[in-house]
Structure formats: structure tokens, C-alpha cells
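Trainee: So the chains spell out like this:
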Amino acid sequence: DAMVIQNPRYQVTQFGKPVTLSCSQTLNHNVMYWYQQKSSQAPKLLFHYYDKDFNNEADTPDNFQSRRPNTSFCFLDIRSPGLGDAAMYLCATSFATSSYEQYFGPGTRLTVT
Amino acid sequence: GQNIDQPTEMTATEGAIVQINCTYQTSGFNGLFWYQQHAGEAPTFLSYNVLDGLEEKGRFSSFLSRSKGYSYLLLKELQMKDSASYLCAVREYGGATNKLIFGTGTLLAVQP
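So the protein sequences, as listed, match chains A and B.
According to our numbering, the first sequence is numbered sequentially starting from 3.
According to our numbering, the second sequence is numbered sequentially starting from 3.
Only chain A is shown next, with the shape it has when bound in the complex (with noise of 0.2 Å):
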């Protein structure tokens, strides 16, 4: 089945240490996002790609940045977590043009210690 996957679903990583989310999908969408969702709180979209271009929110910190080496594929980096960086990461894929659905993945899980 076509889907969205994220790898791992549970990241735990030490205070300063850099760590990598990794998302692919195989619905051939063009736009894949990155969201953090902390406990009770909505999700808040991070960035987003459309194709290779890299569409940052204003309010998203430096120390996440992102990477999509090709159309299946794309990477969270947090360079310096810090112990307000611990929640859930979802990473979502739409098509440009279509009815605009998202389709998220099951997300990771990430503790800082």
C-alpha cells in the first residue's frame, strides 16, 4: 500500500547531541512537511518542500533544518536539541494539485535527556 513512513518511531537523544528523522513515502507527492506537536498542543508546521524548493516558517528556530535528496525522501536534523525540542515529529506529503489532502505519517516520538 502506498504510505508514509517514519523512521524511528522513538528517538531518544542526549541534550546538545544532533539527531536525524527520517521520512519516505511512496505516494509520488510533490509537497512533504514537517511538523512538531507537543503533549495537547496542534501540530505546528516546521517547513515544507514542493518538489526541491524549501519553504521555511518564520518562526521555525535554526537549529532545525531540513534535506530532501529526492522525491521519496526527507530528513529532520535538529543540530542542537534541547530538552523544549522533545515531542512528536509528524512528517506529512500532499500533491500539489489535487484536493490538498495530507497524509501524515505515524511520526517519532523524540526525548531529549
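In short, the hints are calculated from the structure, not lab data.
None of the values given here were measured: they were computed from a predicted structure.
We treat Cβ as the ideally placed atom computed from N, Cα and C, and that holds for glycine.
Mixed in with the good hints there might be a few duds.
Claimed, not checked - To list a few chain B residues with every Cβ distance to chain A over 10 Å, as calculated:
id, residue
1, 6
2, 43
3, 56
4, 105
Unchecked claim - List time: in silico PhoX-like cross-link candidates among lysine-lysine, alpha-carbon distance up to 20 Å:
id, chain 1, residue 1, chain 2, residue 2
5, B, 59, A, 54
6, B, 101, A, 40
7, A, 46, B, 59
8, B, 101, B, 78
As the list claims (entries may be wrong) - With the C-beta cut set under 7 Å, the calculated list includes, among others, these residues of chain B facing chain A:
id, residue
9, 41
10, 45
11, 47
12, 104
13, 106
Position chain B against the provided structure of chain A, taking the given hints into account.
Mentor: Showing chain B alone in chain A's frame:
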């Protein structure tokens, strides 16, 4: 900017009907989505409204009034598995791509 309001929590009884309201303020409205999110899981798509009126899909219906900045999600014949958070999300007009602005969600507890 955008502002989305929905109740924090609701409780309902199995077999009953529940309506979850969402009000929004936006400068560039281009559609409203409802997502269901079980604890610790990713949101799953429930419905999409861009024109005024009611969209029905099985036990779930969603209504939109653009002039009032108002939507609701109606869940009929409630089941225990419907216990989840329901997220209202507004699509911000942005050309070829879309950005979703999510509300904080309504946590629905279905009781026997």
C-alpha cells in the same frame, strides 16, 4: 494571521450523537479540514469543506459557514473507538502548495 478555536474536551455516550464546533479567523481561507488523532498516533483525514454546507460521509458529517467563520463535525452512532482528539485545520491560501493551521483539538471521551 489565523486563529482557530474549538472546545478542549467533550464527553458523550456510546450510541449518541455529538457535535464538535470550530470557529476560525483568517485572512486567506481556502478550505477547512477535520482530522482524527488517537493518542500517540498520527492524525487521519476525516473531511474537507471549501464551500458552505454539509458534507456527509457515513457516521461523520462536517458543516461549513464561511460567512460566520464556523464549522462543526457531527459524529453519529458513537462507538468507543471514536474516543480521540478531533483537530480542526484551516488551509491558508498559498498558491500551488497549501499550509494547514491546526486548532489545538477537542478530546472526545465516549462512555458506555
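Trainee: Hint by hint, say whether it matches the structure.
Mentor: Hints versus structure:
1. Residue 6 of chain B, annotated as away from the interface, has a beta carbon of chain A within 10 Å; the closest lies near 8 Å.
2. Against chain A, the non-interface label of residue 43 of chain B is violated: not every CB pair exceeds 10 Å, the least being about 7 Å.
3. No beta-carbon of chain A comes within 10 Å of the beta-carbon of residue 56 of chain B; the shortest separation is about 18 Å.
4. Distance to chain A contradicts residue 105 of chain B as a non-interface residue, since its nearest Cβ pair spans about 6 Å, not more than 10 Å.
5. For the hint pairing residue 59 of chain B with residue 54 of chain A, the CA-to-CA distance comes to about 36 Å; that exceeds 20 Å, so the pair is violated.
6. Restraint check for residue 101 of chain B and residue 40 of chain A: the C-alpha separation of about 19 Å stays at or below 20 Å, so the hint holds.
7. Our distance criterion of 20 Å between C-alpha atoms is broken by residue 46 of chain A and residue 59 of chain B, whose separation comes to about 27 Å.
8. Restraint check for residue 101 of chain B and residue 78 of chain B: the C-alpha separation of about 30 Å exceeds 20 Å, so the hint is violated.
9. Below 7 Å, beta-carbon pairs count as interface contacts, and residue 41 of chain B has none with chain A, the closest being about 10 Å; its hint is therefore violated.
10. Look at residue 45 of chain B: its Cβ gets to within about 5 Å of chain A, closer than 7 Å, so that hint holds up.
11. The interface hint given for residue 47 of chain B holds, since its Cβ lies 5 Å from the closest Cβ of chain A, which is under the 7 Å cut-off.
12. Interface restraint check for residue 104 of chain B: the shortest CB-CB distance to chain A comes to about 4 Å, inside 7 Å, so the restraint holds.
13. For residue 106 of chain B, the interface hint holds, the least distance from its beta-carbon to any beta-carbon of chain A being 5 Å, beneath 7 Å.
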